[in-house]
Amino acid sequence: MSRNRRRKLQFFRVVVFLVMGAFFLVPIGAMFEFSTRGTGLNSARTLSAWITIGQTPELVAAILVSLGLAAITSVAMLMLLVPTMIWVRLRVPNLTRPVEFLCLLPLTIPAIVLVAGLAPEYKWVSFYLSDSILTLAFAYLVLVLPYTYRALYAGLSAIDVKTLAEAARGLGAGWATVMWRIIVPNMSGAILNAALLSVAVVLGEFTIANLLNYVNLQVEIAQLGRANAGVSIAVAVASLLFVFVLLALLSFVGGPRSQRMRGAQ
Amino acid sequence: MDWLGTIPFFGYVALFLLLPTLIVVIGAFFGPDGLTLSNLAGLNKSFIVSAFFNSLLLSAVSALIGAVGGAILAYAVATGNRNGAFRRLVLSACGVLAQFGGVTLAFAFIAAIGPVGFVYVWLQQHGVDFYAGGIWLYQLKGLMLVYAYFQIPLMVLVFLPALDGIRPQWREATESLGGRTWHYWRYVAGPLLAPAFIGALLLLFANAFSAYATAAALINQGSIIASLQIANDLTSEVGLHQPGIASAEALVMVVLVAVVMVVYTVLQRRTARWLR
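Going line by line, the protein sequences match chains L and S.
Following the numbering used here, the numbering of the first sequence begins with 1 at its first residue and continues without gaps.
Following the numbering used here, the numbering of the second sequence begins with 1001 at its first residue and continues without gaps.
Extracted from the complex, chain L is given alone in its bound form (with noise of 0.2 Å):
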């Protein structure tokens, strides 16, 4: 590439990035600047709205439900995906294009579609089985897969699953014995990842509890802004930092390149 050419390039990228980096950051810097203004015009910098988050009891009930949650669709997810990836994997090859349609389809139907769908479910797991909010993590668990399904498949591919099968089975190992002593061990990059990306997810999910009336952290970030802008953004800022961790851990954990996302708005 001539010289010309490559500073012209040089010249173009640092404007882009400054650019772009400008319009990402500010909102985010924003976020911060509002969570710290004191009362009045030009009083002091104070983290009071971030200590009033420990004084709210329905936020710090939100922050652990929101918590249980996600916890609990990622050990779902994990239980009802890697046995049935692997198993689909070596036992009945036909059926991977079906899996990966059905765990790729949530991505086609939006999460406000699939709530007014979900709402005559929920009656009826409210009223026979529990009304906790806990029962969200079957909804949950259908709208990681995308995600957690690519991680997974990403982490299956990169190891030889036929043979280690194989070489167990041969040493007399039966299939429960092939799928968590000798496989599991062998994905625990992609398995993170997957519990990683559930965590996130869920973590950001508003539109299924807020409209199956179940109060969840964004959900209660948004009826507390109302009344108390500093305190919800501060949470706000809080659950971002939080969810950035787990991503940027991502990148270094689970050696295949970290999967294409789609937004959740």
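Take the hints with a grain of salt, since some may be wrong.
Said to hold, decoys possible - Covered stretches of chain S (chain L as the covering partner; in silico rule of three or more C-beta atoms under 8 Å from a C-beta of chain L):
1) 1004-1010
2) 1019-1028
3) 1098-1108
4) 1122-1134
5) 1208-1216
6) 1220-1233
Stated by the list, open to error - A few chain L residues facing chain S, derived, Cβ under 8 Å:
7) Ile28
8) Met31
9) Glu33
10) Glu58
11) Arg89
12) Leu105
13) Pro106
14) Val113
15) Pro120
16) Gly174
17) Pro185
18) Gln218
19) Ile233
20) Leu241
21) Val243
22) Ala248
Calculated directly from the structure, the hints in this document are not laboratory data.
Even for Gly, the Cβ is constructed at its ideal location relative to N, Cα and C.
Position chain S relative to chain L; hints supplied.
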């Protein structure tokens, strides 16, 4: 008999994904007196039609903004060091930001350019008042800007692999045949990237069309887009008397999104052929 092992998975998905969708599809055709087309006919009200029109407009505009902005950013990333830490950082950030939406995003923009946001206040103190004609942040125009925040990163994530697939040999070949930069883009790289670009554009469109949480957090008055209208009809008095109307609206939405996604998938396969 091995397929029995997949029953837990298929059973679960049938119960919590296929069944709700079926409930929506069938519910669109059910009224208080049984099977009817009146729900679909009831969609003909002006506020519902305008909600869908606004959704189409919002999705198209934000998809275009996201596609163009994201393509430029993706190009800036693709022309850098492929194994560098900076590229990984930018891609991680895109991964986070593409997911970042809903309530948190709305609050971030309110904190930045809302009526008491520091950007607005600072500019106001220096004589610039961009809300002189009304607070557009809480209207359709505001949504277009806010949606760009997750559309651009999503575009980067989806389009970057196509840009990575461009081989330097193509540029060299163009130059050895006497072509300049413009010829390269117009006759070589452009046509090759077009399916990927249009496919990504469609994905962004579907993404914006399906979005609910961001709009719900920003817009307090009225249901100006389709997803807000569905939510309204799910929880309102009118919805109770006409249970099928929300399902009818949801049916229209899911059909539209499904069509867009099918075209997207077809374009993806075509892209993969060239840019492996």
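* Quick one: see if chain L covers the stretch 1122-1134 of chain S, three-plus residues with Cβ-Cβ under 8 Å. => Our answer is that it is violated, as 0 residues pass the Cβ test (under 8 Å) against chain L, missing three.
* Identify whether the interface hint at L:Ala248 stands, where standing means a beta carbon of chain S within less than 8 Å of its own. => Given a least distance of 6 Å, the restraint on L:Ala248 holds.
* L:Val113 as an interface hint toward chain S, with CB separation required under 8 Å -> holds (4 Å)
* **Within 8 Å of chain L's CB atoms, at least three CB atoms from the stretch 1208-1216 of chain S: coverage verdict** => holds (count 7)
* Interface hint outcome for L:Glu33 [beta carbon to chain S under 8 Å] -> Interface hint status for L:Glu33: holds (5 Å vs cutoff 8 Å).
* Restraint outcome when L:Leu105 is required to lie within 8 Å of chain S by C-beta distance -> holds (6 Å)
* Are 3 or more residues of the stretch 1098-1108 of chain S near chain L, judged by a Cβ distance of less than 8 Å? -> This one holds; 10 residues, not fewer than the three required, reach chain L with a Cβ under 8 Å.
* Asked: Holds or violated: is there a CB of chain S closer than 8 Å to the CB of L:Ile233?
  -> holds (5 Å)
* Answer holds if the nearest beta-carbon of chain S is closer than 8 Å to that of L:Arg89; otherwise answer violated. => With a closest approach of 11 Å, the L:Arg89 hint is violated.
* Regarding the hint that L:Met31 lies at the interface with chain S, is the smallest CB-CB distance below 8 Å? -> holds (5 Å)
* Asked: Does the CB of L:Pro106 sit less than 8 Å away from some CB of chain S?
  -> holds (6 Å)
* Has the stretch 1004-1010 of chain S got at least three residues whose CB is nearer than 8 Å to a CB belonging to chain L? -> holds (count 5)
Against the hints set out earlier in the document, violations occur for numbers 4, 10, 11, 16, 17 and 20.
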